[in-house]
Amino acid sequence: MKNFQSRHLVFLGLFVLIAVVMLIGGGSEVKVSPQTQKMYDFLDSLPRGSVVMVSFDHEASSLPEIRPIAEALLRHAYSRDQKLVGVALMAEGTLIGYRLMESTAREYDKNYGEDFVFLGFKPQYVAAILSMAESIEATFPEDYFGTPVGQLPLMEGVDNYQDVAAVMSIADGSFTTHWIEYGRIRHNLTVIAGVTAAMVTTYDPYLASGQLETMIGGLRGAAEYEQLIGVPGGGGRGMPAQTASHIYVLLMIVAGNVAWWMSRRKRDA
Amino acid sequence: MERRIALAVCFGFGIVMFLQYFSSLPEARRLQQAVAEYWQIVFAFALVVGIAGFVQANVKASKDSKERPYRIVSVVGFAAMPILALVWGLKAGSPFMWVFENIQVPMQSTVFALLAFFVASASYRGFRARSASATLLLVAAAIMLLSRSAVSEWLSSWLPDLADWIRNYPSMSARRAILVGIGLGSLTTSLRVILGVERTWLGGSR
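First to last, the sequence lines map onto chains A and B. Be aware that the first sequence starts at 2, since it is given in this note's numbering, and climbs by one per residue. Be aware that the second sequence starts at 21, since it is given in this note's numbering, and climbs by one per residue.
Bear in mind the hints are in silico, worked out from the structure with no lab data behind them.
Label-pair distances were calculated between CB atoms; the ranges are:
{"id": "1", "chain 1": "B", "residue 1": "L45", "chain 2": "A", "residue 2": "G231", "range": "49 to 55 Å"}
{"id": "2", "chain 1": "B", "residue 1": "R212", "chain 2": "A", "residue 2": "G174", "range": "25 to 31 Å"}
{"id": "3", "chain 1": "B", "residue 1": "A77", "chain 2": "A", "residue 2": "G174", "range": "21 to 27 Å"}
{"id": "4", "chain 1": "A", "residue 1": "I25", "chain 2": "B", "residue 2": "M37", "range": "56 to 62 Å"}
{"id": "5", "chain 1": "A", "residue 1": "G158", "chain 2": "B", "residue 2": "V107", "range": "33 to 39 Å"}
Remember, predicted model here, so these are calculated numbers, not experimental data. Beta carbons: idealized from backbone N, C-alpha and C, even for Gly.
Chain A with its partners taken away, still in its complex shape (with noise of 0.2 Å):
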C-alpha cells in the first residue's frame, strides 16, 4: 500500500465507475448526426440483390467498439437483401469477419452461398485490392471453406469491382485508405466506412473531398445506426459506459489544473 499513488486512484475511480455503470445496464438514445443518416440513406438506396463488399481490416483488440459498428450495418444490408461478399485484409478480421456476417445472417434468414459469402483473408492488402480489380476469382480462387467461388451462386456474375455496388470497410486503422487509394481513385469503386471513434478524423478529408462516400464511426455512430434501423444493440448499450468515462475523464482534467493552480499560488506566496 506504501506505493499507492494518485494515479492509483484515478484508476480504481475509473474502474469503479464503469463497472457500476455497467451493471446498472440499460441504453441511451442519442441524436442522430447527418454523417450517419447519410449511411443510411446510401445503404437504403442501393437496389435489393445489389452486391456489397464487407472487408474486415481491424484486429481482435478493437472488438468491443467494432462489433456494434458492424452489427448495426451488417443487418442494415441484409434487411435491405443485399448480397455480402466477406474479405479479410487482417488476418484477425478473418475469423471475427465470418461470425459477424453468419450471426448476423441468421437472424434475417439468410442462406450462406446464395445472399452472403465470405472468402477469407488474402495477405498483402495493396496486392490483393489491386488484384481483385482484374478479378476477384483469381485473386480469392476458393472461398473460406475451401469451395471454388466459381461454384458459389451469389458469385455468379461478380467478377470485379464493377459488380459491387460498394465496399465497406470496416477498420480500426489506415486500411480504408488503401481501399479508397487503389480501389476508388484507381478503379471508380464506391468506398463506405465503418471505424473505430479514434480514425474518424483521419478519414474527414477523405469524406470531404468525396472520396470515401460515407462513414459512421465509434460506439456513438453503431448507437445512432441502430436507432435508425430500429434494432438494438451493443452501441446503445456501450453508450452510458462511453458517457461516463468521458465525463470522468473531463473531471479528471478539471481536478489535475484546480490542484495545478493552487500549488502554484501556494508556491508564490
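With the hints as your guide, set chain B onto chain A.
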C-alpha cells in the same frame, strides 16, 4: 555486384510500375496483376524469415531467467495455434476458434482497454492550461469528448454542431497539411530509392 543487381531491379520495377499506373493498355493491367501475385509470393517467403527471427529472438532471450517464463509462453502460443488449426481446422467450435475467441480476443481487448486508464491518469496529471494555446486545446478536447457522449444534446443543442465545426475546419485543415506533407515526403523518398540515391534498404554501411 550484388548491390548493383538489386539497384537495377529496384530501378527497373520502380520505373515500370510508375508508368503502368498511367496506362490503360491491357498489357499494363496484366503486368499489374502479375506483380500483385508475385508480391504475395514474396510476402510468404518474408513470413518465413519473420517466423525464424521470432523463434531465434525468443530462444536467445529465454537464457535470462527473468525473461524465461514470458518467452516460453510466447513460443508455446506461437507453436500451438498453427498445430490447432492444422489438426482440427478453423471452423466454429474448433479448438483454434476456442483459443482465439476465449484467449486472444479478450487479452487483446484488455490491453487496448488499459488505454482508458492511462488516458484518465494523463488527463489528471498532464493536461494543464499553462498557456493560451494549451487552454484552447483543452477546451476543444472537452467539446469533442462531450460530443461523443450521450449527454451532448442534453447539455446544449449547439454542442454537436460545434464539435462538427472543429472536425471540419481546424482539425481537417491540420490533417490535410499533414497528408500533403506525407505525400510529398513519400514521393521524394520513392524517387531517391528508385534512382539509387537512398541505399539504406540494401543494408550494410556502404
